[in-house]
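Mind docking chain B on chain A? Use the hints.
As given, the protein sequences belong to chains A and B, one line each in that order.
Counted from 1, the first sequence has number 145 at position 31 by my numbering; the numbering is strictly sequential.
Counted from 1, the second sequence has number 84 at position 55 by my numbering; the numbering is strictly sequential.
Just so you know, the hints here were simulated from the structure itself, not pulled from any lab data.
Among these hints, one or two may not hold up.
[What the hints assert, rightly or not] Derived, one-sided and incomplete: chain B residues facing chain A with beta-carbon distance under 8 Å: (1) GLY204; (2) VAL206; (3) LEU222; (4) PRO316; (5) GLY360.
Bear in mind that the values here come from a model prediction, so they are computed numbers and not experimental data.
Positions of the beta carbon are idealized from the N, C-alpha and C atoms, including for glycine.
Chain residues, written in single-letter form:
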Amino acid sequence: MSRSPRTLWQVFRAPLLLAVLSMIGLVAALIGDGLLDLLSWLALGSTLLVIAWYWSRPSG
Amino acid sequence: MNVKLWFLIHKWSSLVCTLFLLMLCITGLPLIFHHELEHLLEDEVEAPAMPTDTPMASLDVLSERARSARPGDVIRFMFWDDEDHPNQTFVSLAPTQDAKAEEARTLVLDSRTGALLDEPGPPGGFLYIMFKLHVDLFAGLPGMLFLGFMGLLFVVAIISGVVLYAPFMRKLDFGTVRRERSSRLQWLDLHNLLGVVTLVWALVVGLTGAINTLSPIVVGLWQQGQLAAMTADYAERPAPEQIGSVQQALDTASASAEGMHLSLIAWPGSQFSSPHHYGVFFRGDTPLTSRLLQPVLVDASAGHALEPEALPWYVQTLLLSQPLHFGDYGGMPLKVIWALLDIITIVVLISGLYLWLGRRTSAARRVEEINNGGQEAQP
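Bound-form chain A, shown alone (with noise of 0.2 Å):
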C-alpha cells in the first residue's frame, strides 16, 4: 500500500469501468438477443467476479 495520496480520477478509475460496464450490460440485452445477451451476462457479471476476487483473497 503506498502512502501517496491518490487523485481523484486513482479513486475512481475502476470504480468508472465497472460503472461503464454494467450499463453496456443493462443496455445490451434489452436492444437485442443472443450475442447481445452474452455481452449483458458477461459486462454486467463482471462486477461479481470483481467482488468474488477481492472478498476471497488474502488481506491487502
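Chain B in isolation, oriented as in the chain A frame:
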C-alpha cells in the same frame, strides 16, 4: 467538500430506508424467478399440444366462453404472453369495470379451442404474499408511494455513499479489505467495496422501482391527457349500451399496427380505454420494443379505428422501467446475475446497519476517519 454534511446525509437516508430496503431485497429475490416458481409451486396450466398451425379461435368465442364461466361479471381485459404462456388467452373479469383489484379474477383459456384451462380462486399463496409486500405492503396506493419514497432515499444513500468514497479511499488501493485489524474495519471496507462495485445496478433498480410505484398515477395522467384528448369528440355522448364484436375491433386495429404483436385488449370503460372504445395494445418484437406498447382505439359501436398516437414519454418511461427493475429481459443467466447482485445489496445493507449499531465512536471521529483517507483517527 463538506464531508460532515455528506456523512449525515448518508447516515440518515440509509437509516430511514434500510429495513424497508432489506424487506424489498428479500421479497424481490423469489420474484426474480416468479415464472419458474409459479411453474413449480402452483402447478401452472399449459395448453395441450396441437398442430402448430392451428388457428386462434375468434375473440368473440373466447369472450363468450369467459362470460359464461363467470356470469354476472364483465370482461375488463384480455391479454397474451406468447413467450411464457403460448396458446393461452388471459381474460380478466370483475363485477363492474371500476371494481377493486381484489374483486377481479383472471381466467385462462386455450386460444385455439376456447377451452377453460384454469380458473384461479382469490389470489393467495407464497408468491402473492411476496408480491404484495414488495409492491405495496398490502396497503394499496399509499403503501406503494411510501415504498417509492424509500426507493428514492436509497438512491440518495447510494449517491452520498459514492461522495464519501472519494476522501475515504485517498490512502487505500481499490478493493482493499483490512481483515486483521478489527471486524469493524473489515466490514467497513467490504461495505465500501460491494457498494461501489454494484453502484450502477443498485441505482438503476432503485430508481426504476421508484418509477414503478408511480404506475397508478401515470395511468391516471394518460387517461386525463392523451386518452381524453383523442376521444374528446365522444366526451358528451353516453356510453354505448351495446358494444360491437371484439374480433372485428382487433381486425380493424391490426390494419394500423402491421408487423406488431397483440399484447392486450382493454374493454370500453375499463382502466386502459375510454367508455366508447376498445383499446387494442400492440407490442414490437425486440426485447426493447416488446415492452413498449402502441395502442389503437377502436370505436366499440361504429367499428372504426382512431388515428393511433404514440404513448407519451411518461408512459414509455414507466414501460421501460419495468424490465430494468425485474431483470427479466436476458434469459436465465441475467436472472441469476440479478439475484446475486440482490444478495450483495443485502450484504451492503446489513453491513451498513452493523457499522451503525456497533458504533463506539462519535460521528465526529468517523467523519475524521473519512477525511483521513480511511485511517483511524488518533485519539
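Right, here's what the structure says about each hint:
1. GLY204: holds, 4 Å
2. VAL206: This hint holds: VAL206(B) lies near chain A, its Cβ roughly 6 Å from the closest one there, short of 8 Å.
3. LEU222: holds, 6 Å
4. PRO316: At about 5 Å, which falls below the 8 Å cut-off, the nearest Cβ of chain A leaves the hint on PRO316(B) intact, so it holds.
5. GLY360: holds, 6 Å
The structure agrees with every numbered hint stated previously.
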